[in-house]
Amino acid sequence: MSVNPANPKSAGNRVGSVQCDNTTLHLLKANDYVAQAIRTRLKDVCVINVCSSPGSGKTTLMQETGKRLAKDLNISILVGDPETERDAVRMREVGINALQIVTGGMCHIEAQMILQALDHIDLTGTDLLFIENVGNLLCPSAFDLGEDYRVTLLATTEGDDKPKKYPRMFLTSELMLVSKADLLPYVPFSVDAVSKDAWEVNPNLEVMTISTLNGEGLDAWCDWLKAKVQAKKEAANQTTEK
Amino acid sequence: MHELSIVKDIFDTLSAHYATKIDDIQKIQVTAGLLSNVQPVLIQNAFDAFIADNRQYRDMELEVIVNDIIAHCDHCQKDFNVQYHRFVCPCGQPSTQIVQGNELFISKVIFKQHVS
Ligand SMILES: Nc1nc2c(ncn2[C@@H]2O[C@H](COP(=O)(O)OP(=O)(O)O)[C@@H](O)[C@H]2O)c(=O)[nH]1
Ligand SMILES: [Mg+2]
Ligand SMILES: [Zn+2]
Chain A
31 MSVNPANPKS AGNRVGSVQC DNTTLHLLKA NDYVAQAIRT RLKDVCVINV CSSPGSGKTT
91 LMQETGKRLA KDLNISILVG DPETERDAVR MREVGINALQ IVTGGMCHIE AQMILQALDH
151 IDLTGTDLLF IENVGNLLCP SAFDLGEDYR VTLLATTEGD DKPKKYPRMF LTSELMLVSK
211 ADLLPYVPFS VDAVSKDAWE VNPNLEVMTI STLNGEGLDA WCDWLKAKVQ AKKEAANQTT
271 EK
Chain B
639 MHELSIVKDI FDTLSAHYAT KIDDIQKIQV TAGLLSNVQP VLIQNAFDAF IADNRQYRDM
699 ELEVIVNDII AHCDHCQKDF NVQYHRFVCP CGQPSTQIVQ GNELFISKVI FKQHVS
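So the protein lines, in turn, are chains A and B. When you line the first sequence up against my numbering, it's residues 31 to 272, in that order. When you line the second sequence up against my numbering, it's residues 639 to 754, in that order.
Since the hints were derived computationally from the structure, they do not count as laboratory data. Keep in mind the model is a prediction, meaning the values are calculated, not measured.
Below, simulated DSBU-like cross-link-like pairs (lysine-lysine); rule was C-alpha separation at most 35 Å, straight line: (1) B/646 to A/59; (2) A/256 to A/194; (3) A/194 to B/746; (4) B/716 to A/194; (5) B/646 to A/73; (6) A/226 to A/258; (7) B/716 to A/226; (8) B/746 to A/195; (9) A/59 to A/256; (10) A/263 to A/226; (11) A/59 to B/716; (12) B/746 to B/646; (13) A/226 to A/262; (14) A/59 to B/659; (15) B/750 to B/665; (16) B/665 to B/746; (17) A/97 to A/195; (18) B/665 to A/195; (19) A/59 to B/665; (20) A/59 to B/750; (21) A/256 to A/97.
With the Cβ distance kept under 7 Å, some of the chain A side facing chain B (calculated, not the full set): (22) 49; (23) 50; (24) 51; (25) 52; (26) 58; (27) 169; (28) 198.
By construction, the Cβ of each residue, glycine as well, lies at the ideal position given by its N, Cα and C atoms.
Generate coordinates for the entire structure from the input sequences, incorporating the hints supplied.
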């Protein structure tokens, strides 16, 4: 590197004597190690990280899913919320094994919180573990929770420009659920436009349209879940047979 | 965004790597890909708040470099710049093989000169 002594942008430090380390000390890596530990621990449980803005319908969907799949799958849920226990109570009301993770005002769940929570919830027999993330499309996208799939809800009331505004969330998701589809006749929201934008960010993203109010799309969603649980079980069996 | 968590992680990482030499650090440079969602202004504010609370670091400076997003196109065997979060190569092929843009790391550490 050549140094121009007359460079007016220079702070005037005597360059020759400054010790400078060029490094690649990665940040937030600890989270990824913990996420890996969760994957190792939950070999035969299908884990789904459910993300969205506040109020997009995550808890309502979890309740409805629990009711519909009660006969097919054993479901548990970890519910993240900045302050209250409310959502876990809503889940237990419909008979789902639920544990609240109160994040203490934090805007996202970190893998460490999940690992700790696993010591406080009995997952014996659980096929499917939902993690309801904190309502936020920005921060949760940066934290791997050891999930198998990340599912992001986008309600028709939120506007169809979100995939471009929060690209990392949609880039790291496997499935986008356009929720509150029953409101489509009343709001300016185009499922085609939002899908097109989302696919520009992530061409592999699956898209489904659902409503917990009128039941639209819920059969497809439940079938998707059942297939993912099955796939996880088969993968776990294969590794134990080896 | 979780800027304060990142700043705490910066100091944890530095003290793990440099031990007591951390007190001689004059300046650090953090490189953040556009996809890491790090806002330079917010992280600077969180950094300033942290060093105000931890007086031994009060002279430390922070520089944040933001990297563009670059993806690889298998079809052209070339990298392309991702603009406006459009993960589509100029040739029309979509691709999410990210070559650059996800990273978040301390890229440079400059130590104080000891004028003896
Ligand atoms: N119209 C309509 N409202 C819904 C639907 N799903 C949820 N809601 C309502 O949206 C609000 C927020 O739902 P909730 O499940 O608590 O959202 P969360 O914050 O993402 O967990 C509640 O008032 C729900 O009744 C839906 O499919 N259609
Ligand atoms: Mg909720
Ligand atoms: Zn190309």
